[in-house]
Structure formats: C-alpha cells, structure tokens
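Number of protein chains: 2
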Amino acid sequence: MLAPLQNDNFLRACLRQPTDHTPIWLMRQAGRYLPEYRATREKAGSFMGLATNRDYATEVTLQPLERYPLDAAILFSDILTVPDAMGLGLTFQQGEGPKFAKVVRDEAAVAALEVPDMDKLRYVFDAVTSIRHALKGRVPLIGFSGSPWTLACYMVEGGGSDDYRQVKSLMYARPDLMHRMLDINARSVAAYLNAQIEAGAQAVMLFDSWGGVLADGAFQAFSLAYSRQVLSQVKTEHDGVRIPRILFTKGGGLWLDEIADAGADVVGLDWTMNLGKARERVGHRVALQGNLDPNVLFAPPENVRAEARKVLDSFGKPTPGSGHIFNLGHGISQFTPPESVTALVDEVHSHSRRLRAML
Amino acid sequence: MLAPLQNDNFLRACLRQPTDHTPIWLMRQAGRYLPEYRATREKAGSFMGLATNRDYATEVTLQPLERYPLDAAILFSDILTVPDAMGLGLTFQQGEGPKFAKVVRDEAAVAALEVPDMDKLRYVFDAVTSIRHALKGRVPLIGFSGSPWTLACYMVEGGGSDDYRQVKSLMYARPDLMHRMLDINARSVAAYLNAQIEAGAQAVMLFDSWGGVLADGAFQAFSLAYSRQVLSQVKTEHDGVRIPRILFTKGGGLWLDEIADAGADVVGLDWTMNLGKARERVGHRVALQGNLDPNVLFAPPENVRAEARKVLDSFGKPTPGSGHIFNLGHGISQFTPPESVTALVDEVHSHSRRLRAML
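Chains as they are written, first to last, in the numbering used here: chain A, 1 to 359; chain B, 1 to 359.
Accuracy of the hints is not assured; some may be wrong.
Because identical chains share one entry, a pair is satisfied inside a single copy or across any pair of copies.
Here are the simulated SDA-like pairs of lysine to any residue, each with C-alpha atoms no more than 25 Å apart in a straight line [to be verified]:
1) LYS235 x MET118
2) LYS310 x HIS179
3) LYS317 x ASP176
4) LYS120 x GLN229
5) LYS235 x ASN7
6) LYS99 x ASP346
7) LYS102 x PRO69
8) LYS317 x GLN220
9) LYS102 x ASN303
10) LYS235 x GLU302
11) LYS310 x ARG353
12) LYS136 x ALA306
13) LYS136 x SER314
14) LYS102 x TYR164
15) LYS43 x LEU113
It should be emphasised that the hints constitute simulated quantities derived from the structure, not laboratory data.
All values reported here derive from a predicted model rather than from experimental measurement.
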C-alpha cells in the first residue's frame, strides 16, 4: 500500500491548476555534485551498476530530497536504457559520457533492431516501485526516457558528438532507414514509459536533448513527429489518476508553437527562451518547465537568488489555466556547489509565494 | 592599382539590391576538406604558420575559387587573432581546436588587458591586400573577426568548451569584470575590422559563434550590446564605396528581431531558423545569409541539390528591398567530399535563376 501524496504542487502545476508556490525540481538532481551520491556510486562500482541495482537507485533518488525541499523526485536512471535493452551495449567511461559497443549505421544494423522485451528493463520498473515506497508520499515520482530522435543520435554516433555528422549523414542520405529506426524507437519508448507508469511513475518526461541540433523541417520530420507518436501511445491516466507528460527539447525554442501541440501537458524550455514570451505563445495549451542556466549556480548565493527571481518574474504571476514548474534549462553540473541549490530552492519557494500574494 | 570588380552579386545582395542569381560562399570554404589546402598547410607546418604568412594565406584563400564559381572570397585567418595580439598566445593543436597559453579569469588578468597595437596584426592586413591583388577583381573579399563575446569565451575558457562553465561563472559572479573585458574586446575588434577595410576588405563579418549559448537577457547584455558597439564603430564605407557588415550569431534565431536592429546590413542564420519566417520578421531591415546544415554535404549529390532548393524556396523569390546570400549555417566540415560543393554551388546558381524567371 502506498501512502497518500503530501505535496502535489508539481502535479498540479503540470496540469495548470493553482499551487501555493512554484514547484521546483532539477534535472540530474541526484548526481555527482552531491558527496553522498559519489559515495554510493563508489560502492556500486560503475554508473550502470548503480542504475541497475534497485536499492542503490532508490538510495540516490532520495538523496537530494534529504538535503533540499524539492517538489518532485526523478527516477535515477539514464536516457539510454532502451537502446541498451536493444542489445547495443551501454557503458559509461569515466568522464566521457555514454558509449555504445555497437553502432547502427547501415541497412543491416537497422534491420536488426526490434522493440526490446520489456523484461530486459525490469530493473527500471523495480526501481520505480521501490522508490515510490521509499518516498512515502512526500513528493511525486517522475519517470523518463530519451526521445526517439535523441536515442537515434547515440545509436548512430555510438556516443556523444559535437557535430552529429554520422546521424545526420544517415538522415540526409537514407531518410528511409532513419524513419524505420525512429519508428522502432518510438514504439519502444512508449512501451517503456507505460511500464514505468504501471510500476508507479506519477509523471513521465521525454528528453529530446538533441532535437535542437536539427534544421528547421528536419526537426519536425525526424524528431517532433516521433515524440508525438510516443505521446499518443503513452497513458494519460493510471488507476483513475492523471499522469502528466513532459516534453523537453533542448534548443527547441524556435519551434515552441509546434512542440506545444505535440500532445504533452508540459513543455520544458532551456535558458535561451524568455519564459514570459513563451507563456504568451502557448497560452493555456501547456504548462512550462524551466529555465535557469545551470551555470548561474557557480555564482555567490545572492546572485543565484537574483537570477532565480528573474526567471520567476519573467513567467509572471500564475493565473488560472497557466502553470510553471521551476527547473534548470539542462542538467545540473557535477561541479555545482551544493549550497547554491539550497539558495535556489529557498528563493524559488519564497519569491513565488510573494508573487502570489501580490495584487 | 586594383582591377574593377567583375562579379558584384554578393555585395549587391548584402545591400538588398537585385541580383541575377543568389550569391553563394561557404564559411571555412578555404579549409581542410580540400586536398590542395592540406598540401599548403603541410608546407606551412602549422595553422598559425599558414595564417601569418601572406603568401600562404593568399594561396589558400584563392583555392576554393579555382574549384568552384563562388561569389565571394573570405580572408584565410582565424576568429581569434585579436586575443592572440593581446598576448594570450594562440596555438592550434592537431585535431583539438584553438588553445590559449594564458587564460583571463580574475581581476588581475582583466586589468592587464588592452586594445592591442594593430601593428601586431600587420600580417592580417598584408594578407588582405595581397589577396585583393591576387583576386584581380573576380569576386569581393570578406574580412572578419570573432565577436567580443565569442572572443571572451575563448579568453576565459582557454579553448573550446561544451558547457562554458568558466566564462559563465565569471559573468554571473563578476559581471563588472566581464563588461570591462567585453568593452576592450569591442574596441579592439572595431579597430581590427577598420584596418582590414583600409587594407582592402570589401565586406566584414562578425562571428558571434557562441552568442547562442547565453540565456535570454544575458545574450542582450553580454553579447549583442558589444556586437552593436563594434558595428557602431566600423566604417560603413571606404573610398566612397559601401562596405556591408554581416553579423552571424549561431543559435541566435530566437533573438532575430533584436539582432536585425544591431546595425549590420546582413544577419547570418544557422539551419534551425526557417528562412521564410526570418524574412517576414526582418522585413527590409537587413539581408539574410544562410542556412544549409553542413551535414547535408555528406549525402549524395541529388539530395544535396534537393536540400539546397528547399533553402532557396524557403526564402522565396527575391523582391526589391530583400536580399539573400546562400551559405551554410556553420563552417564546412573537414570531412566534406569536395564533389558535394560542386553540386551545391551549381544548384544554388541554377535554381535561383529559375526562381527569378518564374512569374
């Protein structure tokens, strides 16, 4: 039996319902900037050792909540678990980010791809259920995946890239193969997010981390179309409760209108987009999540607080039908001083309460 | 005595005057994708050996014009010559991009910065004059520099970066120091571009390669304000001839309206921005330059041609008061097959003539 939810500000903001303060959580909030995370990671031996162990994943997911009054927890995992389950062999080399043992660059490699057996991702669903129990209803739990296009970037490149040459070469030279891969990715991601919801995720987020590297036209055809496919296949409720769905496209500000119509409840924004202008453009179609530059957290606390207020003020006072979830515009840096997060969370809570109290 | 200009399509498009075809040139068109460039580079020993030698710089600047009927030449140099002249010690390590021997990260380092003696950049001005003579009036010559903000990124980081942590930390923690550095950079860049114009550059371009990594608000204060300062100090004509000024901000699409008012004649765009929408937004304020994804050049020639037509069609038929210069949205990749450029240049010329012939 799961305890009832004590703080539903995050879920309410996602659904554009009134909240008493602006909820905040941080992408990669369970991570290397926390000494307690580094200690658990040490015990686990590797990133995947941490992510695939239910107890470790539960432990690190809860760590930031012990330090900070955050309004949501996010499953500790990686955006690339799905292609790993497809058999591509995911590892994380120290300081180098994700690497796949196999890359997908030709017709034969695409032909060999299939929607993976969800049993291979059982460790994720077990972690979700375990975290829900450990949370005891304090805050909601967010599940997630990389978007079909973002998965394809890593599957073709084999790791990070600064020019996306391989994946774009395939896309421009053999769009048919790229579409085949993206369709498989979309069906896999939808099944994966639905299984996370069944296991207890109370909201889900699709990270289109690399949608923003595409040209206008290519973005709509190769990234957004497949995020839309995922969202059309992911549950909107579970056990009679609405499950908000968040779509985050780094560098997607120019396409905000189209992204807002992709079927998500919430659109995540990076720091390049003015939140007030974004709010005008989306109207009451979706809530907005974002969008502080994570590098602000390297400044002294008073500057962190001032920049947090700027973000809240740019969104403006929430009104019925609008919703704002405070977040960074990208994952928190491993070099962040933990005290900066204390100042940030406190300022977001207190200043957003002041904004609501203003006439 | 310099020969009269035979092909002024590029200059006319910059000034939004009618042209018989859409002019095309490519960022980094003299570069490693050309075997003849690699041969000269070999003789010179290093990138800076090439850039600082007037005869080598002239030779490589003209190489792409021997292969392709491009409509402009661009000085072979680097965007970081100004901080090198400030004494920061620029080198290029094989495959690693630019590195500075000294970084600028504290009050003392900023206090030591000065507008460099332009004599230290004499090799650039000599190259400009030499190239003008060698061109014999075939096409116009473009001079350039990095923007004040983009120079600051490298000066603080000491090289490339994937998170801009050092430069943004300084900016958020000590905005006063950042403004001081940017003002010195702006005055230096203005003097540098004016000296290039005196030496024979017929247009100048400011590369704000990293403006797009800034948050909304920070972009305007730390990047655009200083590009505007440069443009206000750079000559608009020389010897009675108009000198068009181009401002290119990679990832700047969201700020197009503000960029179009910064004082440039032409705004360069990367591939994320739809050219038709951009044209609607800027009206007759500026001409537009761009914006094919350089990765298109890895596809077969017929796909290259199709994507080039899409870019031309998205801008639409030129009308009085509008101007389009075809370019990539970023520098050409060193891995580009030279034949792709043949197809690209031919298609831009022929399709843009067809567009003009249509009713």
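At most 25 Å between C-alpha atoms: does LYS317 with GLN220 qualify within a copy, between copies, both, or neither?
Only across copies: LYS317 and GLN220 sit 24 Å apart there, 32 Å inside one copy, limit 25 Å.
Intra- versus inter-subunit Cα pairing at 25 Å for LYS235 with ASN7:
Within one copy only: 23 Å inside a chain, 61 Å across chains, cut-off 25 Å.
Is it within, between, both or neither when you check LYS99 against ASP346 at 25 Å Cα-Cα?
neither (37 Å within a copy, 40 Å between copies)
Homomeric proximity label, LYS235 with MET118: Cα distance no greater than 25 Å:
Classified as within; 16 Å inside a copy, 65 Å across copies.
Could you place LYS102 and TYR164 in one of the four classes (within, between, both, neither) given a Cα distance threshold of 25 Å?
within (17 Å within a copy, 31 Å between copies)
How do LYS136 and SER314 come out at 25 Å by Cα distance, when the copy is not named: within, between, both, or neither?
neither (34 Å within a copy, 54 Å between copies)
One pair to classify: LYS102 and ASN303, alpha carbons no more than 25 Å apart. Within, between, both, or neither?
neither (45 Å within a copy, 28 Å between copies)
At most 25 Å between C-alpha atoms: does LYS43 with LEU113 qualify within a copy, between copies, both, or neither?
Answer is neither; intra-copy 34 Å and inter-copy 48 Å both fail.
Have a look at LYS310 and HIS179 and pick one of within, between, both or neither, based on CA distance no larger than 25 Å.
This pair counts as between: shortest inter-copy Cα distance 20 Å, intra-copy 41 Å.
Please work out whether the CA atoms of LYS102 and PRO69 approach to 25 Å or closer within one copy, between two copies, in both situations, or in neither?
neither (41 Å within a copy, 42 Å between copies)
From the Cα coordinates, with 25 Å as the cut-off, is the pair LYS310 and ARG353 best called within, between, both, or neither?
Classified as within; 15 Å inside a copy, 49 Å across copies.
Which holds for LYS235 with GLU302 at a C-alpha limit of 25 Å: within a copy, between copies, both or neither?
Neither. Shortest intra-copy (42 Å) and inter-copy (42 Å) distances fail the 25 Å Cα cut-off.
Checked against the numbered hints given earlier, this structure breaks hints 3, 6, 7, 9, 10, 12, 13, 15; the rest are met.
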